[in-house]
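Chains as they are written, first to last, in our numbering: chain A, 1 to 292; chain B, 1001 to 1292.
Calculated from the structure, these hints are not laboratory results. One thing to keep in mind: the hints can contain errors.
[Stated by the list, open to error] Distance condition first, Cα-Cα at most 30 Å in a straight line; then the derived BS3-like pairs of lysine-lysine:
#: 1; chain 1: B; residue 1: K1168; chain 2: A; residue 2: K130
#: 2; chain 1: B; residue 1: K1130; chain 2: A; residue 2: K130
#: 3; chain 1: A; residue 1: K130; chain 2: A; residue 2: K153
#: 4; chain 1: B; residue 1: K1157; chain 2: A; residue 2: K130
#: 5; chain 1: B; residue 1: K1145; chain 2: A; residue 2: K145
#: 6; chain 1: A; residue 1: K274; chain 2: B; residue 2: K1281
#: 7; chain 1: B; residue 1: K1130; chain 2: A; residue 2: K281
#: 8; chain 1: A; residue 1: K130; chain 2: A; residue 2: K274
#: 9; chain 1: A; residue 1: K130; chain 2: B; residue 2: K1281
#: 10; chain 1: A; residue 1: K48; chain 2: A; residue 2: K153
Number of protein chains: 2
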Amino acid sequence: MTLFFNKVTIIGVGLIGGSLAKLMKAQKLCGEIHGAGRSRETLEQAVKLGVIDHMGRGSAHAVEHADLVVLATPVGTFESIVREIAPHLKNGTILTDVGSVKGGLVRTIEGLLPPGVHFVPGHPIAGREKHGVGAASEDLFRGAKCIITPTEKTDAKALEAVTALWTKAGMNVVMMEPEQHDHIFAAVSHLPHAAAYAMVSTVAEFSAGADNYTTFSGAGFRDFTRIAASDPTMWRDIFLNNREALLEMLARFMEDAQAMSRAVRWGDEAYIVKRIEEGRKIRRSLIEMKQA
Amino acid sequence: MTLFFNKVTIIGVGLIGGSLAKLMKAQKLCGEIHGAGRSRETLEQAVKLGVIDHMGRGSAHAVEHADLVVLATPVGTFESIVREIAPHLKNGTILTDVGSVKGGLVRTIEGLLPPGVHFVPGHPIAGREKHGVGAASEDLFRGAKCIITPTEKTDAKALEAVTALWTKAGMNVVMMEPEQHDHIFAAVSHLPHAAAYAMVSTVAEFSAGADNYTTFSGAGFRDFTRIAASDPTMWRDIFLNNREALLEMLARFMEDAQAMSRAVRWGDEAYIVKRIEEGRKIRRSLIEMKQA
Chain A
1 MTLFFNKVTI IGVGLIGGSL AKLMKAQKLC GEIHGAGRSR ETLEQAVKLG
51 VIDHMGRGSA HAVEHADLVV LATPVGTFES IVREIAPHLK NGTILTDVGS
101 VKGGLVRTIE GLLPPGVHFV PGHPIAGREK HGVGAASEDL FRGAKCIITP
151 TEKTDAKALE AVTALWTKAG MNVVMMEPEQ HDHIFAAVSH LPHAAAYAMV
201 STVAEFSAGA DNYTTFSGAG FRDFTRIAAS DPTMWRDIFL NNREALLEML
251 ARFMEDAQAM SRAVRWGDEA YIVKRIEEGR KIRRSLIEMK QA
Chain B
1001 MTLFFNKVTI IGVGLIGGSL AKLMKAQKLC GEIHGAGRSR ETLEQAVKLG
1051 VIDHMGRGSA HAVEHADLVV LATPVGTFES IVREIAPHLK NGTILTDVGS
1101 VKGGLVRTIE GLLPPGVHFV PGHPIAGREK HGVGAASEDL FRGAKCIITP
1151 TEKTDAKALE AVTALWTKAG MNVVMMEPEQ HDHIFAAVSH LPHAAAYAMV
1201 STVAEFSAGA DNYTTFSGAG FRDFTRIAAS DPTMWRDIFL NNREALLEML
1251 ARFMEDAQAM SRAVRWGDEA YIVKRIEEGR KIRRSLIEMK QA
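Construct all of the structure, not just a fragment, from the sequences and the given hints.
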């Protein structure tokens, strides 16, 4: 199979959308790339940087005649964007996304599409501290995992094409159920972010006036703020669209934090040491995984 | 004032103790350095690496005739070490430490020392992911803060000497009350570590079997494991010796985590966005601080 799309439309030309555009151009996987999105300024920058060829007047117009449409906006916008573009998608178009939430959202999108439009839900696990199209790079995805969550409705050929696209980006494509994806990412990504925001709130209360506690932050708090330095709209949307799984993880986490607090109060050395050793073990396994 | 110590004894020749020894040698601040500590193997390695000149048979013997004694073991060992070495310290010896807890521990140590031995409590904010004397470097301290927490009992000349030592290490020395130190570090360091251990416990429950959640960790959970990859004895001791301040911070943090959980449950977008924006603001201020 030759992977080639005459017209690609990317809705949301930020770090991920921009990096995908750069990759498709670098590997000559497309004829032309149209960009759409809320911010005219971002699109103008993307055209100027050569990341996209054309900027659309609106998503509905931009997707006309497209062979591949990529949703790369915050997940909270997906439903309304799909409602808007659905009537303008040609027969045979592949629609995919890069959202961090699947589950119910995937079912909703599937319900909005006309027959003959093929939706393949995807989630490339890529990111860096810098945001925006200015930070986009065709190497962003290399070596990382991309989760694809097909359903019983997913078209086999469209699935094959999207899998091939992310494989060409250098990603290890993993397939799973949309609901399993959301449970996993509630644990390893959404919970850490929610906890980091809570932590920043806690410490921020001591950041006013002359003895600003944050000026003394060593590695501990600094690492939390790295996690917390994320896009507000994107993360608000992730939290609210993966509500049930995130609430479960937050509840579990608060139990574990309470248990740690109780161990500190009562001097339960064995409990504390066990938790720390667990942390080291998992850290080592992650480092080995990365090196493997 | 010329800063020079004929004999220096470092008790606990790990990353911090070893780095201080290297620095004092590199800057010719001492005649000879004796090392003491629990692990004979570590001390032999330190001698072999040229970090220390002699390894003591025991702390009591190693501190005899020393002009400067540095406690660089986990804080939970300080009291018993000071009880052991106190009768062997000569008149005029400066005793200092690099512990992450001050407060009550400082008062305890002061109460154990004979008159004429000058204790200057210190806490260089330095560290890296690697531990042990093999990772020691005279540049470890450069550009970071060192907290010194003198009390009404602290000798002025000894204070001046310890301040000069850390200044020569490239550190910005900050003075404060021992209790204020413990409150600040409970917030910016001990709480983040305790929360990271709790988080690892939460996610570790999903790490058995084929669908090991941790294999999907992106930046979020990975940053937590970096914090959690610390020395178990060191952190157990810090938690138990800064109990009250850490319990206060854990309680505040759990309130904030509950508030975040409630906002997710009820779709309180404004609350979530406010917390995320707070995180970004603090992150930016920390980055600017580092660049300044």
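Do the hints match the structure? See the list:
Of the supplied pair hints, the one linking B/K1168 and A/K130 is violated, its CA atoms being roughly 36 Å apart against a limit of 30 Å. A threshold of 30 Å between alpha carbons decides the hint, and for B/K1130 with A/K130 the separation of about 27 Å falls inside it, so the pair holds. Simply put, A/K130 and A/K153 have alpha-carbon atoms about 36 Å apart, too far for the 30 Å limit, and the pair is violated. For a cut-off of 30 Å, the pair hint linking B/K1157 to A/K130 is broken: about 48 Å separates their Cα positions.
A threshold of 30 Å between alpha carbons decides the hint, and for B/K1145 with A/K145 the separation of about 39 Å lies outside it, so the pair is violated. Proposed proximity of A/K274 and B/K1281 is contradicted: the alpha carbons are some 35 Å apart, above 30 Å. Between B/K1130 and A/K281 the alpha-carbon distance is near 14 Å, which keeps this suggested pair within the 30 Å criterion. Distance restraint check for A/K130 and A/K274: the Cα-Cα separation of roughly 36 Å exceeds the 30 Å cut-off, and the hinted pair is therefore not satisfied.
In summary, the hint linking A/K130 to B/K1281 is supported, as the alpha carbons are separated by about 14 Å, within the 30 Å threshold. About 39 Å separates the Cα atoms of A/K48 and A/K153, which puts this hinted pair outside 30 Å; it is violated.
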